[in-house]
Amino acid sequence: MAFADIPILSMLRTRLDWSQARQRVLAENVANSDTPRFRAHDLAPLKFDDSPLAASGGVTPVSLSRTDSGHIEGVGLSQSPFKNANTRTFDVRPTGNAVNLEEEMMKVAANQMDFQTATALYTRSLNLIKTALGKR
Amino acid sequence: MDLLKTLTIAASGLRAQAGRMRIISENIANADSTPQNPGADPYRRKIPTFRSELDRSLDTQLVELGKVQTDGSSFRMKYEPGHPAADSNGNVKYPNVNPLIEMTDMRDAQRSYEANINVISATRRMLQRTIDILKA
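Going line by line, the protein sequences match chains Z and F. FYI, the numbering for the first sequence is -5 to 130, going by this note's numbering. FYI, the numbering for the second sequence is 50 to 185, going by this note's numbering.
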């Protein structure tokens, strides 16, 4: 049995993937905090309660299919399996920039905590398997 | 890997803000650069611009320093009859640099720089956590 078949591990891995993707989006927001007409983005919260997701423990990516070998793969469409969610903006500066640095910092910190929780749980789950193997 | 892309994005933010600091320091250093002869213009204030650019190899929105614009506002006039650049009325053109505005801009650049640094350290901690799974 592969590790990927264990539901808790594959769910945790999805969670880690989601945190990584979110960290990337947040870094884009912070880097573009002075770019005119830039709006902050965020990912939609990860949900496991949809039945197909809960069964497989993962999110399947939706992407454009290539119908001809001469086609160039679309950029940005096949990359992330996670949904984008536009954040509400209450503060648009005269340049059209709507990035709130404080809010982004809060999100980065929260995302880091989520990631730590998931890695800690992952380690614990591996330890459980080790215990079952009788190595401890 | 997404976390490594995150580091690249944050680094592009650092680079853009450092370029902005360079232009601000040019403005402050040249705040009193008067012309050599009566007809010429003094130093004209420079304005940094930012633009967000899609990096195709990374599929991310990096930030770049755009074209450096010049401030078209009028020059300060000072009455200094003995100055070599004084016109027939004894007025000398001084650069249109307002130190107060430059200081505010500098603080803003510093704040954005720190925000990017925060993203980098948070991402590094997340990478470290991932590596820690191996040690468990």
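Derived from the structure by calculation, the hints contain no laboratory data. Among the hints, erroneous ones may be present.
Far from chain F, some chain Z residues (derived; all Cβ distances over 10 Å) [unchecked claim]:
(1) R18
(2) E22
(3) D28
(4) T29
(5) T81
(6) V102
(7) A103
Going by beta-carbon spacing under 7 Å, a handful of chain F positions derived as facing chain Z [what the hints assert, rightly or not]:
(8) Q110
(9) R125
(10) M126
(11) S161
(12) N165
(13) V168
We treat Cβ as the ideally placed atom computed from N, Cα and C, and that holds for glycine.
Going through the hints against the structure:
no., hint, in the structure
1, R18, "violated, 5 Å"
2, E22, "violated, 5 Å"
3, D28, "violated, 5 Å"
4, T29, "violated, 4 Å"
5, T81, "holds, 15 Å"
6, V102, "violated, 5 Å"
7, A103, "violated, 7 Å"
8, Q110, "holds, 5 Å"
9, R125, "violated, 25 Å"
10, M126, "violated, 29 Å"
11, S161, "holds, 5 Å"
12, N165, "holds, 6 Å"
13, V168, "holds, 5 Å"
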